[in-house]
Structures are given as C-alpha cells and as structure tokens.
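Q: In case you want the letters, here they are:
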Amino acid sequence: MAMLLLLLSWQAQARLVIEINEGTEGALPIAVVPFGWLAAGATQGDVSNVIAADLARSGRFVPLAKIKMPGEPHTGLEIDFAAWRAAGVEHMVVGRVQPRQGEGLVVEFQLFDVVRGVQLSGYSIPTASSRLRRVGHQISDIVYEKLTGQRGAFNTHVAYVTVERSGKESLYRLALADADGHDEQVILTSKQPLMSPAWSPDGERLAYVSFEKGRSLIYLQEVGSGERELLAEFSGLNSAPSFSPDGRRLALTLSRDGNPEIYLLDLASRALTRMTFSNGIDTEALFAPDGKSLFFTSDRGGKPQIYRLTLQDGRPLGKPQRITFEGVYNARAAISPDGKRLALVHGDGNGFHIAVQELQSASLRVLSETLYDESPSFAPNGSMIIYATERNRRGVLEAVSVDGSAHQRLGLSHGDVREPAWSPYILK
Amino acid sequence: MKLKLVGLLLAAGVVLQGCTGAQGVRDDEVPVDERSIGGTVDDAEGARSRGAEMGSEFAGRPVSELLNDPATPLSVRVFYFEYNSAELSESDRDALATHARLLNEKSDLTVVLEGHADERGSREYNLALGERRAKVIERVLSLQGVSPQQIQVISFGEERPQAFGHDEESWRLNRRVQLLYSGY
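Protein chains in written order, with the working numbering: chain X, 1 to 428; chain H, 1001 to 1184.
There could be a bad hint or two in this list.
[As the list claims (entries may be wrong)] Just some of the chain H residues that point at chain X, by a computed CB distance under 8 Å:
(1) E1124
(2) L1127
(3) F1156
Think of the hints as simulated: they come from the structure by calculation, not from any bench.
Ideal Cβ placement from N, Cα and C applies to all residues, glycine included.
Here chain X stands alone, though its shape is the one from the complex (with noise of 0.2 Å):
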C-alpha cells in the first residue's frame, strides 16, 4: 500500500507543465465561458479551461480573462450578444454538463458569432466524469476547424522518452501524454536507454528502439495492452524506425551489412528489402505520405544531409538526391502531413535548430533560437511542430507553428524529456 502510494505521489510530480511563451499577432479574440455545472456532486475540473488552454496555445487565439467577462450564459438563450461585442469578443463558447440517463454525464457546447448573434454549431457529447478533459479536447477540435477551416489535432497525444538519473543508474521511461501534456501514461520503463518512438498510422502502435538487452534492437508494442513483440534484431545496429503511410512496412536502419543502410521491413512477411548502397551512414528515414519516396538522412557527400529516394513497388528508383544545401548540418527530418514540407535538425556552424524546407522551392527558414535542437514532429494537421530542446541543463519539449508564430513549451518537472512523436488523429 505505501508502494502504491508512492508510485501515484510520484505520477503526480511527473505531469508535464504547458508554459506559454508568445502570442501570436492577429490572433482571433474568443471567449470561453465557464461551463454550467448540473451534475450531482462538485465540478471535476472546468471542461472550458482545457477548451481556452488549447486556443491560446494554438496561437491562432486569443481567449478573453474571466474577469474581463460581462456575464456567464452557459446557453444561447442567455446570451446578452451586445455586452459580448462591447468586450471585444468575435465568437464565444458556451456549455453545461449535465447527468445522462443511466450514468455517466453528458457535455453540451454552443459556438456563436457574436457579431451576428448566431450559432455556428453546437454539440451534445455523452461521457464519464474522467474524460471530461477528452471531451474539452473535441471540443476545441470543432471549434478550431469551424474557424480556421483546418481540423485540429487537440485531441491527440504525443510519447515520448524521459530519463532519470540517480548516482550511476538511468532510469528510462517510454510515455505518453495528451498534446497538452496532461495524462501522462508510462508505457515502457527500463534501466537501459530507450529511443526513437514512432506511431502507426493508426494510431494504435508504437515502433521504438530499446537497449533492454544489451544493444540497439526495435520493438513494436500495442499502446492499449502494452503487448509487444521483438521486431529486428539483426547483427549491428537496428534503429530508427518509421512507419509507411498504409502502416504494412517500417522502414528501419540497420548495419547488418557493414554500415548503415536503410531497409524496408514488411511487417507481415519480415521480408527485407535493402535501400540504400553507400559507404557512408544512411538513417532516420521516413516516407513521404504518398508512400511514393522515402527521406534520410546520409553524410555520403561528408557531412549529414536529407536525401530523397524514389520508390517503385517498394523499391529504389534510381539513385538518391541531395535535397539540403543550406548549413552544414542538415538530419532527421520529419515531413508535413500535406507532403509539402520536411521540419529539420539544421546546423549552422554554431548550434542546432529546428528549421522547416519547403520542398517545392527549396527555400528554409530557421524555426527556434536554442542550440541544441532535436527530434521534430509535425502535429497531425500540420500546423505545430514539436520538438526536443534544452533550458537550464534540462531536456524539455517545446512547440512552435509552422510560420514561427507561436511557441510553447512541455517540460517535467524532474529529469529529462527527449523524442516527442506526435500521434496521428485519434480515430476511436
């Protein structure tokens, strides 16, 4: 029992903290208001604080204070539309939570216009009382996608690697949280280092590397049981997996011929198909989403850069292309969800930052101002990307928009946090 008590006070510690750091200019005024709360027993938690958190940190929006606010309408009916223009709101968020039939509650919202006065939509979502801040989560999703027009990805989670160190012990943790870092679940813990976590496209599973047993081999592990099985483990390195776009193949980095090359896994028969052919180090690959090229990182010309190699029935057509020039450092890159640009680690001679290269033009622009830069991941709808950083001597995760706007930052609050990788859309 003490163990157990123990364990849960810890958990508590371990929550990761959302600190904003800038606003974005232009950003639409919204209001959220405090919801009504009609269910038996205290509030568990306002279902509008996770709704306006999630705004702001898009950097899209900008929420208006409570006490700036001249009422609390939890229905359209109630809305006074005058007194909210006079606040300078251009939409607003109202809703209640009421006891289903049965059991469980049901959380009802309305999005207005204010300065029409009229209803933009509006919900009625059954649930229990512990999946109220999932329900927050959808709700900022359809308030966000009704107007910006694009789907949001607050609903979504991102995992990651922590590491602890006590004396000469490390102490590893593969997890996830919900995209604003809250719900931390712990997925995988060991003694030895764990690396490179990257999602199904489903969604559902959880490719990784792990040393457990003395080396770098790859795992894949259901992210609901916590199954797993032994996915490579060939003779030298096994790293850096990825998944195509149909979630069929991985691709992965092994040196089972001598240095490493990429190869493709197919996850049903374990046939491997080797891609790459240089004397140089080929890794990090990833797919394009058409499935159609793969990207990797390769210092076959000196120093690591991205090259793209195009595929035909799963396999290598012609020789691969440079595609970075800019910096003398360019490695693992991540691409949008639209294929049209990769987010990478970019070294310019005096530190390592987060840059996006748009690949139609070839045109890169430096996202982040910290030295030691790592591990990019685009959000699902392709407008945030998360990385792994440095601030004061810790490992923490921050995110930054596409555009450069927008920053925020996940840290823990004891130890190391490394490899976010952000999940595909929540489909259940």
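Mind docking chain H on chain X? Use the hints.
A: Coordinates of chain H only, in the frame set by chain X:
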C-alpha cells in the same frame, strides 16, 4: 638435442629466423629459454622476432594485473575522437597494437568495443557515428590478426554519456570508444 642445434646455428652466425623452417624445427616448438637466447643474438627483424618479444611482454602475468598496470598501453582502454570524426591518433594506434598482441596471445579473451558520441546533432545519426568509431578500432585490431570472434561492436550513440555537462569538456569526454575486456 634442440639446444645443441640452436647452439650450432648460432656458432655458424645464422639468424634463427632464417633457419628454423629449413631445419624442420617449428618456431612454436622452441622452448622459452632457447628463444631468449635467440633474442640476445642479434637484431632479427620481422614477425617472428616480434613474436619472441610478445612471449616476454605478457608472460606469466595475469590479465587483470596487466590491464591495471599504468606502465603498459593496455591501461589505455578509452579512445577519444574529434567532433564528427572517427579518426584515431598515432598514440591510440600504438596502444591498440598492444591490445592486439594481447588478444592474439590469449585467444580466449574477448572485447566489447562500445562506441559513443556527444549530444550534439540528431540521436539516430549519433548512434551510427558511435558505431563508426567502434568499427575503426575493430578494423585496426582485425588487421593485426585479432579474430572476429573475439570482438563485439556496440554503439550507444549519445545515450550513455560519461560526462553530463553541456560544454566542450564534457563533449570531448563523451566522443569515445571504450574497450571492455569481457570478465575484467
């Protein structure tokens, strides 16, 4: 009998190296004391002469003692590298030559070559860089006759730093290959 033969040859001024094969006496059959006689004779050059030195270099000393003797290059078991480089220095090569001789002499000894990188740049690339460094050392040992069965290469990339600072000195200490004798 053998002693007489060697004595004869010495008297004739013939170098040991040049004669053993012709006389049907294999080098490895020569007892140590005779060999030491041969060693005093002259400046015999080449592989066999070195082989004779090897016998005396490690003879009679347990491996654990050899590895902890600061006077031998065997005490050098961490090799450091420049940023983004897998090149060895001359002194590293000299130390590795001694390790190779020990491994050649004691064929039941095995080593793990653990490659590491500093924290800068991408983790997966650094994992490959750690392997490249360890493989450079593996190649040096192999070229000097160490059996592949005696060597295992493992890379930890930047995942297992020696020093935890975020500065030049820590990075220097972390760009390394550790040569670990199994069981020692």
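Q: Next step is simple, just say for each hint if it's right about the structure.
A: Against the structure, the hints:
1. E1124: holds (4 Å)
2. L1127: holds (5 Å)
3. F1156: holds (7 Å)
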